[in-house]
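Take the sequence shown: its letter number 115 is residue 126 in the working numbering, and every next letter is one higher.
Watch out, some of these pointers could steer you wrong.
Mimicking BS3-like on lysine-lysine, the simulated pairs with C-alpha atoms at most 25 Å apart in a straight line are [unchecked claim]:
#	residue 1	residue 2
1	Lys58	Lys70
2	Lys121	Lys58
3	Lys133	Lys59
4	Lys70	Lys121
5	Lys133	Lys121
Ranges between beta-carbon positions, derived for each pair [to be verified]:
#	residue 1	residue 2	range
6	Ser22	Val132	20 to 26 Å
7	Val100	Val132	25 to 31 Å
8	Ser22	Ile131	25 to 31 Å
9	Gln56	Ile81	16 to 22 Å
10	Phe127	Ile92	19 to 25 Å
11	Ile115	Gln56	22 to 28 Å
12	Glu119	Ile45	28 to 34 Å
13	Pro122	Trp91	37 to 43 Å
14	Leu89	Leu57	32 to 38 Å
15	Ala90	Pro63	39 to 45 Å
16	Glu119	Val88	25 to 31 Å
17	Ile92	Pro43	21 to 27 Å
18	Gln27	Leu89	14 to 20 Å
19	Pro19	Ile81	32 to 38 Å
The hints are simulated quantities; they were obtained by calculation from the structure and are not laboratory data.
Please read all numbers here as calculations on a predicted model, not as lab measurements.
We treat Cβ as the ideally placed atom computed from N, Cα and C, and that holds for glycine.
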Amino acid sequence: MTDQELVPLPSREARQWAMFCHYSSFFWFLAPMIGNVIGPLVVWQLKKDMDPFVDQQGKEALNFQLTFSILMMICGVLAWILIGFPLMVLVSVVALVLVVIAGIRANEGKPYRYPFCWRIVK
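Assemble the whole structure, with the sequences as input and the hints as a guide.
Structure, rendered in structure tokens:
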């Protein structure tokens with residue numbers, strides 16, 4: 012048996028809330044440039060005491076969205092020399108794919124760590 016087989020899966024409810032922590036970043040479509048941070052922050056703050064899995068995934072989602080926001084601001088500055096626009100598209104597509112993967116993994120009860128993420132919230 013591997014160590015991963017010995018760890019029990021989080022409850023169904025905990026897995027769903029962990030998934031919501033990741034998918035709440037799509038609030039960005041309603042409130043651009045801040046909704047992607049506010050969504051995971053609110054879900055994480057409301058449900059972090061429910062289960063350690065939700066706490067861990069909420070922090071991970073929040074950290075990734077903070078990193079994404081910083082990258083988008085850098086792309087905005089680089090837009091003055093025109094390279095920022097294609098970079099914005101690239102960063103957005105990568106972020107979208109990673110958030111979908113993270114939500115699926117969280118719903119399966121598997122912890123997900125985003126690559127290229129600055130972990131500000133500990």
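Going through the hints against the structure:
| no. | hint | verdict |
| --- | --- | --- |
| 1 | Lys58 <-> Lys70 | holds (11 Å) |
| 2 | Lys121 <-> Lys58 | holds (18 Å) |
| 3 | Lys133 <-> Lys59 | holds (13 Å) |
| 4 | Lys70 <-> Lys121 | holds (15 Å) |
| 5 | Lys133 <-> Lys121 | holds (19 Å) |
| 6 | Ser22 <-> Val132: 20 to 26 Å | holds (24 Å) |
| 7 | Val100 <-> Val132: 25 to 31 Å | holds (27 Å) |
| 8 | Ser22 <-> Ile131: 25 to 31 Å | holds (28 Å) |
| 9 | Gln56 <-> Ile81: 16 to 22 Å | holds (21 Å) |
| 10 | Phe127 <-> Ile92: 19 to 25 Å | holds (23 Å) |
| 11 | Ile115 <-> Gln56: 22 to 28 Å | holds (23 Å) |
| 12 | Glu119 <-> Ile45: 28 to 34 Å | holds (30 Å) |
| 13 | Pro122 <-> Trp91: 37 to 43 Å | holds (39 Å) |
| 14 | Leu89 <-> Leu57: 32 to 38 Å | holds (36 Å) |
| 15 | Ala90 <-> Pro63: 39 to 45 Å | holds (41 Å) |
| 16 | Glu119 <-> Val88: 25 to 31 Å | violated (38 Å) |
| 17 | Ile92 <-> Pro43: 21 to 27 Å | holds (23 Å) |
| 18 | Gln27 <-> Leu89: 14 to 20 Å | violated (38 Å) |
| 19 | Pro19 <-> Ile81: 32 to 38 Å | holds (36 Å) |
In this structure, the earlier hints numbered 16, 18 are contradicted, and the remaining ones agree with it.
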